[in-house]
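Asker: Listed here are the chains, written in short residue letters.
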Amino acid sequence: MPSFTVISALLYRYILLYARNRIRLFELFFWPIVQLLVWGFVTSYLQSKGGGSFPRFITFLIGGIILWDSLFRSQQGVAISFLEDVWTRNLINIFAAPVRMSEYLGASFCVGILRVGLTAIVLALIALLAYGFNLFEFKFSLIGFYANLMLFGWVLGIVSICLILRFGHSAESLAWAIPFMIQPFAAVFYDVSTLPGWMQHIAWAMPPAYVFEGMRKCLADDSAPWEYVIKAATLNVCYLAIAGWFFARTLTNVREKGLLTKVSTS
Amino acid sequence: MSILSIKHIAKSFGTFRAVDDISIEVAAGETVGLLGVNGAGKTTLMNMILGLITPTSGSINVFGKDIAKHRLEILRRTNFCTTYAALPGNVPVFSNLLIFAKLYQIDQPKKKVYELLELLEITSLKDKLTGTLSAGESTRVNLAKALLNDPELLLLDEPTASLDPDIADKVRKLIIHLQKTRKPAVLYTSHNMRDIEEVCDRVLFIHQGKIHAAGTTAEIKERFSEENLDDVFIKIARSDKQPI
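Just so you know, the sequences run in chain order A and B. FYI, the numbering for the first sequence is 1 to 266, going by my numbering. FYI, the numbering for the second sequence is 267 to 510, going by my numbering.
Just so you know, these hints were derived from the structure itself, not from any lab. Misleading hints may appear alongside valid ones.
[To be verified] Pulled a few chain A residues facing chain B out of the computed Cβ check, cut under 10 Å:
no.	residue
1	S8
2	L17
3	N21
4	T88
5	R89
6	N90
7	A97
8	R100
9	R255
Built from N, CA and C at the ideal position, the CB exists for glycine as well.
Based on the sequences and whatever the hints tell you, model everything.
Answerer: And the structure:
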């Protein structure tokens, strides 16, 4: 049974690491705000030049940017928390302490939730003030969208950790790249039907495509896209189970190969 | 009673045999020194005891339990201090120790941290960022972390490496004090022969993954007809003979 004391101690450590590093805090807000401003204004410009021929397009785009950021922040919460331990040479201290891996991942999931929560508040405010976009237009579906994207972010975070453990420091950049590898299939800014056939099959095998299709449906006709939310959740349960198995398998493997201590000390 | 029992442990990384059929018993209150050149297999052995590396063959029992099956239970009663790990640098000393006290699920963690800060004479450092400490201060903070759970098995991997003689002497005296007052089983690696002579009850010389010599420091010096351990170390390091 995971211990609340252990999870809260790990979480407190991550919060301290962020709170005491202004650059990290700055980075937490800088990129999503820049992305929102640039793409928001580009869309506003196109909309004004198109004589209103892009109805609701700006809302699709801004909704996409804000929701995509939740997946990215959630993945980063898990992957960067792990990398913080690698960079500070603290990984051995953690892995040789009586910490269950479920507690370790649980704490990094909480970091993901905090990161998503903080950036979502800022982005929602900017979107409302700059473009009149109200995130709460999604009503209760918003919870389903966020929950699903965060869950899939955790899955990608776990995969990132596994790759770094397996391939060492050379794989660190994957912590930032992995979400963008799946972005073309996630249909964040366009309908899944825009994709070529073979890409559509991959897209429908991943939860984000259902979330973003659901988001567009919700914005287009104001209906609650529960069917999409449920399909995404079902897929997420499967992906989380596979990621958990993959993580356990990777740990066994890196312990056999001595890679855990190598990545911690090199 | 044997706290640590290692039987015929071996570890290979591909074709390289890092640890080759080593057996060690360490009793409660006993301090065993592991000596050997860099790459001899000392740290690999320590990492296997901590469950960070899985042995290729053999068994490791701590408190009578197999590390492969009872890892968490064993780690709650074990701790370590190594030069290969550090506490996060941009976190204050007190917070770092408090976090680890909670990870080890210590009762009254704040009280324990204050007690250790006092014992190690580092109370004045409690609000300093860990990354701003000198090597000697860092070692004492790492030792404080290693003592948080009053370990029955304590693994010390080169605790005096890169310390000046004065601080190294203080650290040695501290370890000797701990041996007398808390009586943990200690496995101690060092390249400093003075450390070994002062701190260890028994010594194991590891070379190319095997135990080449074992005994008290006096027995080993006599066996190799040398007056000091440094010369024994050099003799073994330059020898490709079979275990003695």
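Asker: Can you list which hints this structure breaks, lowest number first?
Answerer: none
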